[in-house]
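Colleague: Based on these hints, arrange chain B on the given structure of chain A.
Sequences listed follow chains A and B, in order. Reading the first sequence from the start, the letters are residues 33 to 195 in our numbering. Reading the second sequence from the start, the letters are residues 33 to 195 in our numbering.
Rather than coming from a laboratory, the hints here were simulated on the basis of the structure. Given the structure is predicted, the values throughout are model-derived calculations rather than measurements. Don't take every hint at face value.
No copy labels: a pair is met if it fits in one copy or bridges any two.
List time: in silico DSBU-like cross-link candidates among lysine-lysine, alpha-carbon distance up to 30 Å [what the hints assert, rightly or not]:
#1 72 with 84
#2 140 with 72
#3 76 with 140
#4 84 with 140
Number of protein chains: 2
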Amino acid sequence: MAMAKIIPTFLLRLIALGATVSATVVMVTSHDSTTVLNLKFVAKYTNSPTFKYFALANAVASGYGLTTIFLPCKTSLWRLLLVLDLVILCLLNSSISAALAIGYVGKKGNTHAGWLPICGEVPNFCDHVNWALISGFVAAVVYFLLVLYSLHNIVNLLAGGKG
Amino acid sequence: MAMAKIIPTFLLRLIALGATVSATVVMVTSHDSTTVLNLKFVAKYTNSPTFKYFALANAVASGYGLTTIFLPCKTSLWRLLLVLDLVILCLLNSSISAALAIGYVGKKGNTHAGWLPICGEVPNFCDHVNWALISGFVAAVVYFLLVLYSLHNIVNLLAGGKG
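The shape of chain A in the complex, shown without the other chains:
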């Protein structure tokens, strides 16, 4: 593959790696506590299976990003890479959507189900979750672009014959 194709891929992978690492770190370090009626209430990401899943998904994506960023562009690997990029995209997409749904209930509550919002009590925790979600979203968008870019390259190869 030409140099002109390696550089954008490398840059995209670098941004994605940064985003997934920061999403993981920001989620894992989210911590806040409040005292309601002499009862100490600690908010951390392990309180919700969804946030644990989010941290795990972003950690897996970080590991994958670190492994692939310096891979040479061999033809025998790009098929596998394309499929794995797609899997990581699905994983990140799913973890962000789930965490966003829970984060929304945490912020707004749900009067129908009687679930009260908790962000007023633990604003630092919610801030952390917010930033983690933004980082994760950036990572997912970058992986989407990576998959599209790989598809674009394949189609170009097709159109231009075997390059």
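Modeller: Leaving out everything else, chain B in the frame of chain A:
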């Protein structure tokens, strides 16, 4: 494209269409009510923005599925179809993950946040949501297979020269 490639695609699209339509219908018809302390409590999908998003995403995927199922396999359209399949996959994946996260809280609650489970009160509603999630999951898996199958065909075309 050869007949051997059209039939699996058609079958996959048919299954995906059936799954998204049933996910939409089952979610939209989910309804249950209970009386707690003389207070009537109605559970329906519009109570949660996440479930509304799930129904909308599956309705969009159904519309897309209905449009594409009878499309002839023209070379000018398959690139667009591949990208749109990918977008629908992301949409379904995201809606299922979000609905699953909320459904999990509905079933198990979250003691840390003080959110009580509601499935004991409105079991019919939870059953409906369960089945809608299963249908949506089937649809997402089928779209994943569709994207992989399209990629496989493209790579085969590449390997075998311009077919």
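Colleague: State for each hint whether it applies.
Modeller: Comparing the hints with the structure gives:
no.	hint	verdict
1	72 with 84	within (22 Å within a copy, 35 Å between copies)
2	140 with 72	both (22 Å within a copy, 22 Å between copies)
3	76 with 140	both (18 Å within a copy, 18 Å between copies)
4	84 with 140	both (21 Å within a copy, 16 Å between copies)
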